[in-house]
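Whenever a hint applies, use it, and build me the whole structure from the sequences.
Residue numbers (the numbering used here), protein chains in the order written: chain A, 10 to 427; chain B, 10 to 427.
Not one of these hints is a red herring.
Copies of the same chain look alike in the list, so a pair counts if it works inside one copy or between any two.
Cut-off 25 Å, straight-line C-alpha distance, at most; resulting in silico cross-link-like pairs (SDA-like, lysine to any residue):
hint: 1; residue 1: 119; residue 2: 96
hint: 2; residue 1: 29; residue 2: 58
hint: 3; residue 1: 29; residue 2: 57
hint: 4; residue 1: 29; residue 2: 56
Simulated from the structure, these hints should not be mistaken for lab results.
From a predicted model like this one, the values you see are computed outputs, not experimental measurements.
There are 2 protein chains.
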Amino acid sequence: MALIVQKYGGTSVGSAERIKAVARRIAATADQGHRVVAVVSAMGDTTDELIALARQITDEPSERELDLLLSTGEIVSCTLMAMALRALGRDAIALTGFQAGIRTNATFSKALITRVEPERILRELERGRIVIVAGFQGITEDLDITTLGRGGSDTTAVAVAIGIQADRCEIYTDVDGIFTADPRVVPEARKLRSISYEEMLELAKLGARVMHPRAVELAGVYHMPVVVRSSFNENPGTIIQDEDAMENRKKVRGIAHDTDVARITIVDVPDRPGIAAALFQPLGDAAINVDVIVQNVSHHGVTDLSFTVSRNDLRKALRTIEPIARELGATEVTYDADLAKVSIVGAGIQTTPGYAGRMFKTLADQNINIISITTSEIRITCLIKESEVERAVRALHAAFALEDENAPDLAPRTVGQV
Amino acid sequence: MALIVQKYGGTSVGSAERIKAVARRIAATADQGHRVVAVVSAMGDTTDELIALARQITDEPSERELDLLLSTGEIVSCTLMAMALRALGRDAIALTGFQAGIRTNATFSKALITRVEPERILRELERGRIVIVAGFQGITEDLDITTLGRGGSDTTAVAVAIGIQADRCEIYTDVDGIFTADPRVVPEARKLRSISYEEMLELAKLGARVMHPRAVELAGVYHMPVVVRSSFNENPGTIIQDEDAMENRKKVRGIAHDTDVARITIVDVPDRPGIAAALFQPLGDAAINVDVIVQNVSHHGVTDLSFTVSRNDLRKALRTIEPIARELGATEVTYDADLAKVSIVGAGIQTTPGYAGRMFKTLADQNINIISITTSEIRITCLIKESEVERAVRALHAAFALEDENAPDLAPRTVGQV
Chain A
10 MALIVQKYGG TSVGSAERIK AVARRIAATA DQGHRVVAVV SAMGDTTDEL IALARQITDE
70 PSERELDLLL STGEIVSCTL MAMALRALGR DAIALTGFQA GIRTNATFSK ALITRVEPER
130 ILRELERGRI VIVAGFQGIT EDLDITTLGR GGSDTTAVAV AIGIQADRCE IYTDVDGIFT
190 ADPRVVPEAR KLRSISYEEM LELAKLGARV MHPRAVELAG VYHMPVVVRS SFNENPGTII
250 QDEDAMENRK KVRGIAHDTD VARITIVDVP DRPGIAAALF QPLGDAAINV DVIVQNVSHH
310 GVTDLSFTVS RNDLRKALRT IEPIARELGA TEVTYDADLA KVSIVGAGIQ TTPGYAGRMF
370 KTLADQNINI ISITTSEIRI TCLIKESEVE RAVRALHAAF ALEDENAPDL APRTVGQV
Chain B
10 MALIVQKYGG TSVGSAERIK AVARRIAATA DQGHRVVAVV SAMGDTTDEL IALARQITDE
70 PSERELDLLL STGEIVSCTL MAMALRALGR DAIALTGFQA GIRTNATFSK ALITRVEPER
130 ILRELERGRI VIVAGFQGIT EDLDITTLGR GGSDTTAVAV AIGIQADRCE IYTDVDGIFT
190 ADPRVVPEAR KLRSISYEEM LELAKLGARV MHPRAVELAG VYHMPVVVRS SFNENPGTII
250 QDEDAMENRK KVRGIAHDTD VARITIVDVP DRPGIAAALF QPLGDAAINV DVIVQNVSHH
310 GVTDLSFTVS RNDLRKALRT IEPIARELGA TEVTYDADLA KVSIVGAGIQ TTPGYAGRMF
370 KTLADQNINI ISITTSEIRI TCLIKESEVE RAVRALHAAF ALEDENAPDL APRTVGQV
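Written out as structure tokens, the structure reads:
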């Protein structure tokens, strides 16, 4: 008998029928003798509809009021879920974020959870109840309602699981788990039974849109096991947990790709100290996430500087950067919105040169040009043309034999290398 | 400069355009130098839509969850109203029932306000903000969200006004104020400038659907002046307040009528002690409000007993009463659903026989049969046929010269009578 936190996303609770189906799944978990807390997102497009309603009033709704408005979406879905469970004869109770003890800071629209006060949830569980919690929301010290921003409900679920010391957190979504690559791109992609937090974090960041990175990160810090699985079938899913580093450090676990990439290049910017700060500080102030930064070798005291942003941020980034570039004496600001990132992910990749070599050779064999390269401890990412990215993913998936769970490590090792 | 609580009902905030119009009105009040708290209902049919959503899940939604679900309707409207005010350049803040300190008992779906903790509202007013409060909702000691049932937002407004010691409470609705009779029935009906709580209570109960009786009652207990006026124009409305009894005790102030009446008659019920209790206790337990009760003179140890209920409650009342009537040996249970009540209302009416006489004669002159009569301190009510009620209202309005504010008291006084 375990204490389990489950999370169901907007698609999983998108209609009355879907809510009833999820209620049956929650009830089945409880019938197995487990104690269950379920965190739910707003139904389908509710959040977008509420935003549209606010826009009928004003183009710039105040963040505090918008958060309070949006919080109603998850209140609706959590009450309906509790009703559906009661209709199945189960004792269930719906709790809003504040009732569930989700305390946050006061950064409206992207609040951070500061702590979870678990007393109410634990009391309801003690009474034998199934507890349904409204995801994506919390309350400040001043009793203002906040929303948690992107990935909010995932984060609520993990935070609640940590707060009540659950045995595990289950994230229900519309895919079967974490795959070695996007199955829509690579038909042979294989579902992973297990993956480490760090690897999942790289995959999640790079576009495996299954679970939000901040929730993965939180789970990792507290070593909370997370199972990612489908709410539409009974397949077992993928468990994200602490893994034995010895065994896994020398394996590529997955190929991630991300087409939400735009690149801005500032041409002929003077190569002197302070230039990078002058350019990137304002982007940070505008809350624009800058990714791959590449600075060319300097010629005659000027250089080209390029960086990538998400495509949504492209216009805003250009607006921010163009006056500064002019001021710095750059000749031109250009951009590409037809690029993509492809990555190999696996613990210990960076410390083993063989992986990078195999990756670059695979892309070269496909005649795919690498625009730039970035790496982390457990990842190597190449920026390439968007039109070539699916071919790149398929080729890399095959090159590292990811379709075969028992394939040997395919990086050629140098004798004596650790 | 006054401290004013305003309340806007569902029709007044029924669309984005209406919300903006109400926001301009609130802003205008603030611009006059007043401090304003506005209580809002849910937009138009929101509450019905939420109930329909719950019914898609289950026929019997749990009351606690239904209350939490319905509370979202007023959260939406109060956030939109605050946004609309900010769009007009005013500093405004939306507060849910619990943030506004509305504490209630735990009787879900018809909770009673136990107290208002005014600190947050007062703090926001201190900051120069217009405060928008979600009506119809509160929070229990266990931090569960409740709704206040019928007339909830009116009651919220009056309770907040009392809690923050406002100078007055303004109820905005879709009519111009309290009239001497329903203007749709009596074209000459005159808007009253002022009325007492007791008189308003009788009028409100009897179908002047402008302000809920429980809110009138609450205002009366705390002597909170209430202005009822239209949100669609600038007319001054009617003020409900403590009135000089000396001056008003001898005047008919209005003619009320109510067609939501059904009568049940239990034929040949034994006339012995305990019968009334046996019949009416179960109706009370079933939350059915019983109004006019008439027991005929007994013949041969049996009598006929009739009472009225609201038409909505007719079926339920019949289901409740029929088995009991059979058990008691009554020969038959009959009902009429085509009756109506017509009343004259005014302080001190009951102590002056002249009013009753004029009322009965007026109805007799119209050849309208009186089925039964009930009275209170300030009201005389006749049960008549529904088909005759509008004619009755017009005749009574004319008989007491209510179209003329300065008409003398038209009850023939007996010399020496107080």
